[in-house]
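Colleague: The listed protein sequences correspond, in order, to chains A and B. The first sequence begins at 1 in our numbering and counts up one residue at a time. The second sequence begins at 1 in our numbering and counts up one residue at a time.
A portion of the hints provided could be inaccurate.
Stated by the list, open to error - Which chain B residues face chain A? A few, computed with CB under 7 Å, are given here:
id: 1; residue: D50
id: 2; residue: D82
id: 3; residue: T95
I should point out that these hints are in silico values taken from the structure, not numbers from a laboratory. Cβ coordinates follow ideal geometry from the N, Cα and C atoms, glycine included.
Below, each chain spelled out in residue letters.
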Amino acid sequence: MNAVETHVEGGCAIPIVRDTDVVAARLAARALATRVGFTGTDLVLIASVVSEVARNIVAYAGPGELLLSIVQDRSRTGVQVIARDHGPGIADLSRALEKGFSTSRSLGLGLPGSKRFMDEFCLESALGIGTTVTMRKWLS
Amino acid sequence: MHSQHIELAGYSGGSMGMALNVHFLHVMKVPIMKQGDYVIASIQSALTDDDLLHLRDGLTSHVGRYRSKGVIVDVTALDVMDSFATRTLRDLAQTVRLRGAKTIIVGIQPEVAFAMVQLGLELGEVGTALDLEEALEWLQHECR
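With the rest of the complex left out, here is chain B (with noise of 0.2 Å):
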């Protein structure tokens, strides 16, 4: 896997002044962002099968590498959410859940979810917020 870490040295941000480090690795066309206890993969276009499971794969090992206990994807950017890309995320939530880690997607557009429904295309158990701040309480909840 094609992986670069930065580290934003210097940056802190929350109330309580304590420092976030932030790492940033590409895979494939996601970036994926590592924010204390969670990752966050932001999807930005139109993803191909092999991205979605090359994002899959990442996000996988990078729970195990960091402890992480919480997986949000942003699916803001996708395009549709057909069988496949359903069937991606739900496989990527449930091998997370077995190396203790919760997954939840934000952002499905109202349009991509009548579709879905229309379908017949289920996201299972994984865990859905409208957006990212929503998806941080629900970790926060659930991680506690």
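Extracted from the complex, chain A is given alone in its bound form (with noise of 0.2 Å):
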């Protein structure tokens, strides 16, 4: 990941530990990105990848915590979602990023489909330990 980029204002942190959380957690993503400028389909796939990683947290790893922030480098402005637990950790990062590949109740198109969309996609996890996905979207 770049570290060109400096972080602005506007940043927030949110508890994730129920499924309410998650909602709290999407919506928020959701304000941020509006007020960086992103519109229409850009929000909604911005909420529904914060949805699927903070879903992740409550479903396998709580407590964990989502931090967002607006990031900025010399030209242009974006999201930054961070995502991240102490919980067991992902034994096979690989595996967790292929398509339909789930261990729980979704359609295992959570990470998948956010790697996908996002413009930068950092998972890192270590077992016993925690894991920590950052994501950046870049505002075109």
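Combine both chains into one complex, guided by the hints.
Modeller: So this is what it looks like as structure tokens:
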């Protein structure tokens, strides 16, 4: 991931424990993305992506937190989403990003779909320590 | 399940002057309305996963209890159709189909539809319509 960007104001941290927090997270993400200037489908996609990663925390690894912020580099603005937990970790990272792979009650499209849509996507996990997903979407 | 039935006595509708009994039962946040052979659930706000599961279960038991032939789910107010919402609606349709009823989803907003396509989310064989009127026509055709 690029190191040139700076974080600007307006970020927030949302604790993710139960499924109501998933709704809170995606509404907050949508509000932040609206402020950055995203519209229409992009807003829905950003909210969907946040919904997927927040749900993963509730389903597998709660409690955790979601950090939302506005990022900026020389020429562009975007949103950054970090989903972080201290859960069991993901044993097989490449499998978790495979379409159709799920160990719970989803369609297995959450992470692969998110990765495809976001401009930058980084999944880090250590067994017994936790998982962090960092994603950015730039306003084009 | 938390439910509440209100009979709207004396209400008549339709050109034939037939009495229309409308039942409301509240399944968490989503009002479910019975109209003749059909049951209509109108989502009013963003739903949690539990709300979605309650809705699925509420509609399934409603179909069993009232022998409904069609289920309409209005998702106009839903903020996202992510993988969980999509799967739950698909499961609902499959379950009530096994009990002899059809499901149709109405009101998927254009930006939500675009997002679903980009995320690779599919509703499978669930019927879809733009609005309630079109959904009722579809059910009348399908359930004949």
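Colleague: Hint by hint, which ones does this structure get wrong, listed from lowest number up?
Modeller: The structure breaks only hint 3.
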